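Build out the structure end to end from the sequences listed, making use of the hints.
Quick note on full-length UniProt numbering: the sequence shown kicks off at 1 and runs consecutively.
Since the hints were derived computationally from the structure, they do not count as laboratory data.
All of these numbers come straight from a predicted model, not from anything done at the bench.
Glycine is no exception: its CB is placed at the ideal position from the N, C-alpha and C atoms.
Please note that a few of the clues may not be correct.
As the list claims (entries may be wrong) - Here are the simulated lysine-lysine pairs, DSS-like style, with alpha carbons at most 25 Å apart:
#1 K19 with K174
#2 K19 with K98
#3 K168 with K202
#4 K237 with K19
#5 K202 with K98
#6 K110 with K98
#7 K248 with K237
#8 K110 with K8
#9 K202 with K174
#10 K19 with K8
#11 K19 with K202
#12 K232 with K248
#13 K248 with K258
What the hints assert, rightly or not - The calculated label-pair distances, taken between Cβ atoms and stated as ranges, are:
#14 E96 with E259: 51 to 61 Å
#15 E259 with I37: 31 to 41 Å
#16 S153 with E266: 53 to 63 Å
#17 Y56 with T152: 21 to 31 Å
#18 D244 with H41: 16 to 26 Å
#19 D167 with T81: 13 to 23 Å
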Amino acid sequence: MSTPPRQKRFTPADITALKGVRPIVSLTAYTTPVARILDRHCDLLLVGDSLGMVLYGMETTVGVTMDMMVAHGQATMRGATRACVIVDLPFGSYQESKEQAFRNAVRLMKETGCDGVKLEGGAEMAETVEFLVSRGVPVFGHIGLMPQQVNTSGGYRSKGHSEDEQDKIRRDAKAIDDAGAFAMVIEGTVEPLAREITTTVKAATIGIGASPACDGQILVSDDMLGLFNEFKPRFVKHYSELADVIDKAAEGYAAEVKERIFPGPEHTFQIRPKK
Numbered sequence: 001m002s003t004p005p006r007q008k009r010f011t012p013a014d015i016t017a018l019k020g021v022r023p024i025v026s027l028t029a030y031t032t033p034v035a036r037i038l039d040r041h042c043d044l045l046l047v048g049d050s051l052g053m054v055l056y057g058m059e060t061t062v063g064v065t066m067d068m069m070v071a072h073g074q075a076t077m078r079g080a081t082r083a084c085v086i087v088d089l090p091f092g093s094y095q096e097s098k099e100q101a102f103r104n105a106v107r108l109m110k111e112t113g114c115d116g117v118k119l120e121g122g123a124e125m126a127e128t129v130e131f132l133v134s135r136g137v138p139v140f141g142h143i144g145l146m147p148q149q150v151n152t153s154g155g156y157r158s159k160g161h162s163e164d165e166q167d168k169i170r171r172d173a174k175a176i177d178d179a180g181a182f183a184m185v186i187e188g189t190v191e192p193l194a195r196e197i198t199t200t201v202k203a204a205t206i207g208i209g210a211s212p213a214c215d216g217q218i219l220v221s222d223d224m225l226g227l228f229n230e231f232k233p234r235f236v237k238h239y240s241e242l243a244d245v246i247d248k249a250a251e252g253y254a255a256e257v258k259e260r261i262f263p264g265p266e267h268t269f270q271i272r273p274k275k
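In structure tokens:
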């Protein structure tokens with residue numbers, strides 16, 4: 001008995017090949033229903049550790065665990081058939097050693113079926129990136145503003161305002177690129193520098209608070225949908241205001257329950273007449 005052919009999914013190599021061809025569309029996804037909706041619009045879906053903040057109410061991403069990333073990676077993979085799916089390695093799961101990074105990257109790929117992993121860091125992580133890539137793990141890099149380092153970098157502030165910062169970000173981009181990352185997020189980085197890096201690296205650059213000249217763009221889907229309203233970074237655009245929609249729906253539901261309008265006869269089950 002044959003099985004139907006599986007729809008071709010974008011691979012990390014496909015994402016790199018889009019560099020200079022057309023902009024790469026990326027969003028975060030954490031659940032099956034949302035992944036199903038976003039899949040047909042996106043080239044890449046990122047199961048980001050941002051889920052700690054937007055789904056679990058954490059103040060930063062530092063408290064996210066491997067178990068959380070596995071669970072949401074599995075959920076996203078159930079809904080995505082077309083987009084390349086990448087899962088974040090959470091804080092503390094890869095910084096200790098390249099061997100630790102490999103073990104946890106393999107766990108993510110085996111237990112979720114995802115197409116690769118993302119990790120934060122520049123020159124200091126280049127050896128780890130090379131170690132993973134050489135052993136069959138596609139790596140999505142992340143430079144500029146790095147949320148996992150918020151406790152040592154002075155908070156969530158844009159990067160590249162001084163010559164020293166610019167030089168460091170350039171070195172980080174080159175190191176991760178030379179190590180074999182197929183793509184890299186450039187986050188919260190001054191526009192001219194993000195534009196420059198895009199022209200100098202082989203990897204596809206995915207901007208968030210960076211430059212329209214990046215090879216692609218990504219937003220946290222909850223930000224894009226207007227669901228996460230704790231704060232709104234400068235680089236976020238709300239394409240909908242679903243928080244207001246949900247609020248109004250809940251208000252209507254509560255009113256109908258209190259007035260015994262819902263459930264109506266059409267929402268209940270009656271005893272069937274005997275034949």
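Comparing the hints with the structure gives:
1. K19 with K174: holds, 16 Å
2. K19 with K98: It is violated: about 28 Å lies between the C-alpha atoms, which goes past 25 Å.
3. K168 with K202: Holds: K168 and K202 sit about 18 Å apart, inside 25 Å.
4. K237 with K19: It holds: about 24 Å lies between the C-alpha atoms, which stays within 25 Å.
5. K202 with K98: Given pair K202, K98 holds - Cα atoms ~23 Å apart, limit 25 Å.
6. K110 with K98: holds, 18 Å
7. K248 with K237: Holds. K248 to K237 sits at ~22 Å (cutoff 25 Å).
8. K110 with K8: holds, 19 Å
9. K202 with K174: holds, 9 Å
10. K19 with K8: Answer holds: K19 to K8 is near 20 Å, not above 25 Å.
11. K19 with K202: holds, 8 Å
12. K232 with K248: With a Cα-Cα distance of about 21 Å, the restraint between K232 and K248 holds, given a limit of 25 Å.
13. K248 with K258: Roughly 15 Å between the alpha carbons, so the hint for K248 and K258 holds.
14. E96 with E259: 51 to 61 Å: Since E96 and E259 have Cβ atoms about 58 Å apart, the given range 51 to 61 Å holds.
15. E259 with I37: 31 to 41 Å: holds, 33 Å
16. S153 with E266: 53 to 63 Å: holds, 56 Å
17. Y56 with T152: 21 to 31 Å: Distance hint for Y56, T152 holds at roughly 22 Å.
18. D244 with H41: 16 to 26 Å: Hint holds: Cβ distance 22 Å, inside 16 to 26 Å.
19. D167 with T81: 13 to 23 Å: This hint is violated: roughly 43 Å between Cβ atoms.
Checked against the numbered hints above, the structure violates hints 2, 19; every other hint is satisfied.
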